[in-house]
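Quick note, the sequences are listed as chains H and Z, same order. All residue numbers for the first sequence refer to our numbering, where the first residue is 1 and numbers rise by one. All residue numbers for the second sequence refer to our numbering, where the first residue is 1 and numbers rise by one.
Everything labelled a hint here was simulated from the structure, so no lab data went into it. Nothing here was measured: the structure is a model prediction, and the numbers come from that model. Heads up, the beta-carbon is just placed ideally off N, CA and C, and yes, glycines get one too. Hints are supplied without guarantee of correctness; some may be wrong.
[To be verified] In silico EDC-like links for lysine to aspartate or glutamate, alpha-carbon gap of 20 Å or less:
1) H:Lys160 <-> Z:Glu241
2) H:Lys178 <-> H:Asp110
3) Z:Lys58 <-> Z:Asp71
4) Z:Lys138 <-> H:Glu183
5) H:Lys132 <-> H:Asp91
6) Z:Lys243 <-> H:Asp115
7) Z:Lys53 <-> Z:Glu215
8) Z:Lys121 <-> H:Glu179
9) H:Lys74 <-> H:Asp115
10) Z:Lys101 <-> H:Glu183
11) H:Lys161 <-> Z:Asp263
12) Z:Lys243 <-> Z:Asp263
13) H:Lys160 <-> Z:Asp265
14) H:Lys161 <-> Z:Glu241
15) H:Lys161 <-> Z:Glu249
16) H:Lys146 <-> Z:Glu273
17) Z:Lys281 <-> Z:Asp126
18) Z:Lys138 <-> H:Glu179
19) H:Lys123 <-> H:Glu101
20) Z:Lys243 <-> Z:Glu137
21) Z:Lys226 <-> Z:Glu204
22) H:Lys161 <-> Z:Asp265
23) H:Lys146 <-> Z:Asp263
24) H:Lys176 <-> Z:Glu137
25) Z:Lys226 <-> Z:Asp179
26) Z:Lys226 <-> Z:Glu56
[Said to hold, decoys possible] One-sided excerpt, in silico: chain Z residues whose CB lies under 10 Å from chain H:
27) Arg88
28) Asp108
29) Glu204
30) Asn206
31) Ile268
32) Tyr270
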Amino acid sequence: MNCKIYKNIKISIIVITLYLILFIGCKSKESDNNEIDKVITENKEITSTEQSKEYAVETPPFSDGIFPCTDCHKNLTPNPVRRVLVDWHDDISAMFNHDSENRWCLDCHDFKSRDSLRLASGKLLDFKESYKLCGQCHGEKLRDWKVGVHGKRTGEWNGKKEYLLCVNCHNPHSPKFKELTPELPPIKQEDIK
Amino acid sequence: MKNKNSRRSFIKNISLATFSALALSGCNSEAFDVFLQQNFKTLSKKEKDRIIKNLEIKYKEKYGKEFHVSDRPALEGTSFGYALDLSRCVGCRRCVYACVKENNQSRDPQIHYIEVLQMEKERGIDFAHSTAQYNPEKVPEKGYFYVPIQCQQCKNPPCVKVCPVRATWQEPDGITVVDYNWCIGCRYCMAACPYGARHFNWGEPNVPNEELNTEVHYLGNRPRMKGVVEKCTFCIQRSREGKYPSCVEICPVGARKFGNLLDPDSEIRYILENKRVLILKQELNTQPRFYYFFGI
Ligand code: SF4
Ligand code: SF4
Chain H
1 MNCKIYKNIK
11 ISIIVITLYL
21 ILFIGCKSKE
31 SDNNEIDKVI
41 TENKEITSTE
51 QSKEYAVETP
61 PFSDGIFPCT
71 DCHKNLTPNP
81 VRRVLVDWHD
91 DISAMFNHDS
101 ENRWCLDCHD
111 FKSRDSLRLA
121 SGKLLDFKES
131 YKLCGQCHGE
141 KLRDWKVGVH
151 GKRTGEWNGK
161 KEYLLCVNCH
171 NPHSPKFKEL
181 TPELPPIKQE
191 DIK
Chain Z
1 MKNKNSRRSF
11 IKNISLATFS
21 ALALSGCNSE
31 AFDVFLQQNF
41 KTLSKKEKDR
51 IIKNLEIKYK
61 EKYGKEFHVS
71 DRPALEGTSF
81 GYALDLSRCV
91 GCRRCVYACV
101 KENNQSRDPQ
111 IHYIEVLQME
121 KERGIDFAHS
131 TAQYNPEKVP
141 EKGYFYVPIQ
151 CQQCKNPPCV
161 KVCPVRATWQ
171 EPDGITVVDY
181 NWCIGCRYCM
191 AACPYGARHF
201 NWGEPNVPNE
211 ELNTEVHYLG
221 NRPRMKGVVE
231 KCTFCIQRSR
241 EGKYPSCVEI
251 CPVGARKFGN
261 LLDPDSEIRY
271 ILENKRVLIL
281 KQELNTQPRF
291 YYFFGI
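Chain H on its own, in the form it takes in the complex:
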């Protein structure tokens, strides 16, 4: 008799535990899905993840007076023909070194909506989210960047971190790092008095 009660209790405990596991498992799955949904449902408008503190990023490092682009471009008739720019943005033409054989301005900048970037899919992108644009080709870098391994984090190791955008360190038109002048070497042991 006793034995049976115990057996019943045992079974119900197992059932409850399984239930809990299932429930919690589903819960976390659900939130994962939500995240993905959010990303997928972002459609053609300019989106920004500013609210998400996960990627609290510095503002893009625009040169003085260059943004918004429409300040100048609104009066210009756009010309979609690939060419080397000579009158304006000649500085960029001069340094451009980012698969320059195959790419030019309009592969990243939008033809019509001058103040936004443009993904290969045609989706427009705010400059604050340029990392998504970079991630189209540099997927594994983007993945590492998101988890804080590629690039530099400042702030708190157990709390709020400041992320830098790719373009805070890499010039998007010429992304290879420039060489640095090293600080002084240490004093040699034999020179210590």
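Once you've looked at the hints, dock chain Z with the ligands against the given chain H.
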């Protein structure tokens, strides 16, 4: 029996005589306190508070600055780890000097906690053919890579084992610290450390007054004295407040990563689980918490 008794009273008398001599020779009670201070690990909260208050007063007198001396203990559930991306470091030495500044190291005589070694790509990690003295116009130099070395905060630290007075120990969060007041300057730990991570104050440390960092920790960057050993503490005064060490924050290429090994979502855990990782001098079984990895 009689003999023993008389020896004991002899010692008693001697020490009494010493104390009175000290007292008579014009030592104030504070110096006395310092002289009699116990090992930091054995102090009660009250004693620590008093010592810290006295230190703050002393520093104010000595440097004319308001210091904040912390004795914050290890955070619950933390075990620190550090990772350095060998494929990124360009050998610029920014970290070396950020560390010196943050941790009030002596400028002259010079003490650096971080030494950046330049190694030939052809040879791989090879200490015998490395140099810390490289000084070209620009870095990185072609054909070379750079390996910054600092305390590896070993899980099995030989330096701790050899200290005859237990002036150095490993804290619960994994940081190996020195109680400068307890250190007798024998330098056994320096001999025991296989990474050259410990440094001795051969002379009175010398830090320009305007560059003093006044946010200090008792077991870390508080001003040191002549004749004691010091070392990297993962910037204990910062890391225990949740901040990254200053070498992490300065590195212009983001080669330095820091975090809690017990937190499965930390950067450091991601690196250990996903990247090619190595530790230095693995064969010595020091079990470093400092990992080197290849980000690409
Ligand atoms: S600051 Fe960064 S890149 Fe420069 S030497 Fe230190 S670890 Fe290497
Ligand atoms: S690196 Fe040296 S000083 Fe640091 S814990 Fe290991 S043995 Fe001790």
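For each hint, the structure was consulted:
1. H:Lys160 <-> Z:Glu241: holds, 12 Å
2. H:Lys178 <-> H:Asp110: With a Cα-Cα distance of about 28 Å, the restraint between H:Lys178 and H:Asp110 is violated, given a limit of 20 Å.
3. Z:Lys58 <-> Z:Asp71: holds, 16 Å
4. Z:Lys138 <-> H:Glu183: Answer holds: Z:Lys138 to H:Glu183 is near 10 Å, not above 20 Å.
5. H:Lys132 <-> H:Asp91: violated, 25 Å
6. Z:Lys243 <-> H:Asp115: violated, 36 Å
7. Z:Lys53 <-> Z:Glu215: holds, 14 Å
8. Z:Lys121 <-> H:Glu179: With Cα atoms ~18 Å apart, Z:Lys121 and H:Glu179 stay inside 20 Å; holds.
9. H:Lys74 <-> H:Asp115: The hint holds at about 10 Å.
10. Z:Lys101 <-> H:Glu183: holds, 14 Å
11. H:Lys161 <-> Z:Asp263: holds, 16 Å
12. Z:Lys243 <-> Z:Asp263: Given pair Z:Lys243, Z:Asp263 holds - Cα atoms ~16 Å apart, limit 20 Å.
13. H:Lys160 <-> Z:Asp265: holds, 14 Å
14. H:Lys161 <-> Z:Glu241: Within the cut-off at roughly 14 Å; holds.
15. H:Lys161 <-> Z:Glu249: holds, 11 Å
16. H:Lys146 <-> Z:Glu273: Answer holds: H:Lys146 to Z:Glu273 is near 16 Å, not above 20 Å.
17. Z:Lys281 <-> Z:Asp126: Given that 20 Å is the threshold and the Cα spacing comes to 11 Å, the pair holds.
18. Z:Lys138 <-> H:Glu179: The given pair, whose Cα atoms are some 6 Å apart, holds under the 20 Å limit.
19. H:Lys123 <-> H:Glu101: Cα-Cα ~24 Å, so violated.
20. Z:Lys243 <-> Z:Glu137: Since the Cα atoms of Z:Lys243 and Z:Glu137 sit roughly 33 Å apart, the hinted pair is violated (cutoff 20 Å).
21. Z:Lys226 <-> Z:Glu204: Since the Cα atoms of Z:Lys226 and Z:Glu204 sit roughly 5 Å apart, the hinted pair holds (cutoff 20 Å).
22. H:Lys161 <-> Z:Asp265: It holds: about 14 Å lies between the C-alpha atoms, which stays within 20 Å.
23. H:Lys146 <-> Z:Asp263: Holds - the C-alpha atoms of Z:Asp263 and H:Lys146 are around 17 Å apart, at most 20 Å.
24. H:Lys176 <-> Z:Glu137: holds, 18 Å
25. Z:Lys226 <-> Z:Asp179: Roughly 14 Å between the alpha carbons, so the hint for Z:Lys226 and Z:Asp179 holds.
26. Z:Lys226 <-> Z:Glu56: holds, 19 Å
27. Arg88: Since the shortest Cβ distance to chain H is 9 Å, the answer is holds.
28. Asp108: This hint holds: Z:Asp108 lies near chain H, its Cβ roughly 9 Å from the closest one there, short of 10 Å.
29. Glu204: violated, 14 Å
30. Asn206: Violated. Min distance 13 Å.
31. Ile268: At 9 Å from the nearest chain H Cβ, Z:Ile268 passes the 10 Å test, so the hint holds.
32. Tyr270: Since chain H brings a Cβ to about 5 Å from Z:Tyr270, closer than 10 Å, the hint holds.
Hints 2, 5, 6, 19, 20, 29 and 30, counting from the list given before, are not met by this structure.
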